[in-house]
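> Sequence:
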Amino acid sequence: MVPEKLTFSPLSRRQIEADFSGGHITSDAGLLLLREVDNQHQLTQRLATVLDDARNPVLVRHKLQTMIRQRVFGVAAGYEDLNDHETLRADQALQTATGEEAILAGKSTLCRMEQRVDRQAVVKAHELLWHHFIEQHETPPKEIVLDFDGTDVPVHGDQPGKFFNAYYDHHCYFPLYVFCGRHLLVNYLRTSNRSDSRHSWAILALLVKFIRQYWTNTRIVFRGDSGFYRPRLLSWCDRNNVDYLVGLSKNSRLLKEVDVPSMLVRKAHNELGEKVCATYRFQYQAHTWKHPRWVIARLEEGELGANPRFILSSRYDDGVKLYYEQYCARGDMENRIKDQQLCLFADRTSSTRWWTNQWRLLLSGFAYTLFERLRAHLKKTPFERMSASNLRLKLIKVGAVIIRNTRRIRVLMSDAYPYKDELSDLVRQLVPE
330 MVPEKLTFSP LSRRQIEADF SGGHITSDAG LLLLREVDNQ HQLTQRLATV
380 LDDARNPVLV RHKLQTMIRQ RVFGVAAGYE DLNDHETLRA DQALQTATGE
430 EAILAGKSTL CRMEQRVDRQ AVVKAHELLW HHFIEQHETP PKEIVLDFDG
480 TDVPVHGDQP GKFFNAYYDH HCYFPLYVFC GRHLLVNYLR TSNRSDSRHS
530 WAILALLVKF IRQYWTNTRI VFRGDSGFYR PRLLSWCDRN NVDYLVGLSK
580 NSRLLKEVDV PSMLVRKAHN ELGEKVCATY RFQYQAHTWK HPRWVIARLE
630 EGELGANPRF ILSSRYDDGV KLYYEQYCAR GDMENRIKDQ QLCLFADRTS
680 STRWWTNQWR LLLSGFAYTL FERLRAHLKK TPFERMSASN LRLKLIKVGA
730 VIIRNTRRIR VLMSDAYPYK DELSDLVRQL VPE
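Residues in the sequence shown are numbered consecutively from 330, following the working numbering.
It cannot be assumed that every hint is accurate.
With a straight-line Cα cutoff of 27 Å, these simulated BS3-like cross-link-like pairs (lysine-lysine) come out [as the list claims (entries may be wrong)]:
id	residue 1	residue 2
1	K334	K392
2	K749	K726
3	K538	K585
4	K491	K585
5	K650	K604
6	K709	K723
It is worth saying that the hints were derived from the structure and are not from the lab.
Just need the whole structure built from these sequences, with the hints factored in.
Following this line, the structure appears as structure tokens:
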């Protein structure tokens, strides 16, 4: 069959013609980088072990590990839906990255795999993330900070556990994320009819118990906004030697405690004519507390008036350091959540099965973890602080012609690819001679 010829408007005197006879060309040659990262850390191989494969081995065409890799690499490359794999399964870059040379699994086979997920598999997958986190440290750190935060995932169909949330003004899920620096530890799906802190106490207790099996002397800090302020949770932290830095909603008693310093800040604003900020540290005991705790007030006076904020700290320290350097640092976690929600499709919770939706959240988390392990090889380069979407655009979405024969697979990338030097250095790091 003669390939269809396409004719475009001419350039000067030259005709512009195109057809579909160029052979196999991929837009995702950079998936080979993620393949090498995955081979180093065995993430998808270990993730495959958490699922029970009830299929008849004689009839199995697509191995479980291959399908897990296919889904995680697909998400990393920007393919958010199972439907994408009907065409993507023939992409030779993805086939090579997953370790196969034949057509990969289609959407129906992948869907059946996801529907077999249960609670036990989800628990084991989280434990895998925790083990991986421990493995990234050669020696126990002196201190780690566990950042807790929730976000919304809109739902539009008949998903189980769907509720209307007045704050977000739509039907949604409300997953809980836990990070330690850039390391993802938890992405736990929840319904949106409960508070921010739902199940956070239990998850914190499990994390602390797990971490102390390996790092007995490491100082652990629990950090969250005012939605995670719960007196019982803080009492548990006090009893179990876990420090905390938690937001505290303002009330009349707290505002009365800062009357005098607020007046001084207001006076300074009136004299200077610009916004003035200060911190004030004091001990405070709510009626539900058994003992006083340190409260740090961030006092701000500007054109819009006073804007006081309060945080609770388990230890005595400089107020500026506690608020601006330590508590405000949790804002970086928002970028990590955006990486998954906006770049890696953690919001694709469209299944009518609860655990399948939780599994898709985890697939996004493992794609994020692969990017973070890739980022570890990009220190002191322009890629070091790029978002997952930028890393994908510059290092994964690389066009190439693929030629396969019995002896080798050749991936021919463009001579005009702008990051060929960086890509070459990265390959030399990932695949040492």
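> Given the proposed pairing of K709 with K723, does the C-alpha separation stay at or below 27 Å?
Given that 27 Å is the threshold and the Cα spacing comes to 16 Å, the pair holds.
> For the pair supplied as a hint, K334 and K392, is the alpha-carbon distance within the 27 Å limit?
Outside the cut-off at roughly 39 Å; violated.
> Next pair to validate is K538 with K585; report whether the Cα-Cα distance is within 27 Å.
Violated, because 39 Å separates the two Cα atoms, which is more than 27 Å.
> Checking one constraint from the list: CA of K491 to CA of K585, max 27 Å. Satisfied?
Outside the cut-off at roughly 41 Å; violated.
> Starting from K749, check that the Cα of K726 is at most 27 Å away, please.
Within the cut-off at roughly 13 Å; holds.
> CA of K650 to CA of K604, is that 27 Å or under?
Holds, at roughly 20 Å.
When each numbered hint is compared with the structure, violations occur for hints 1, 3 and 4.
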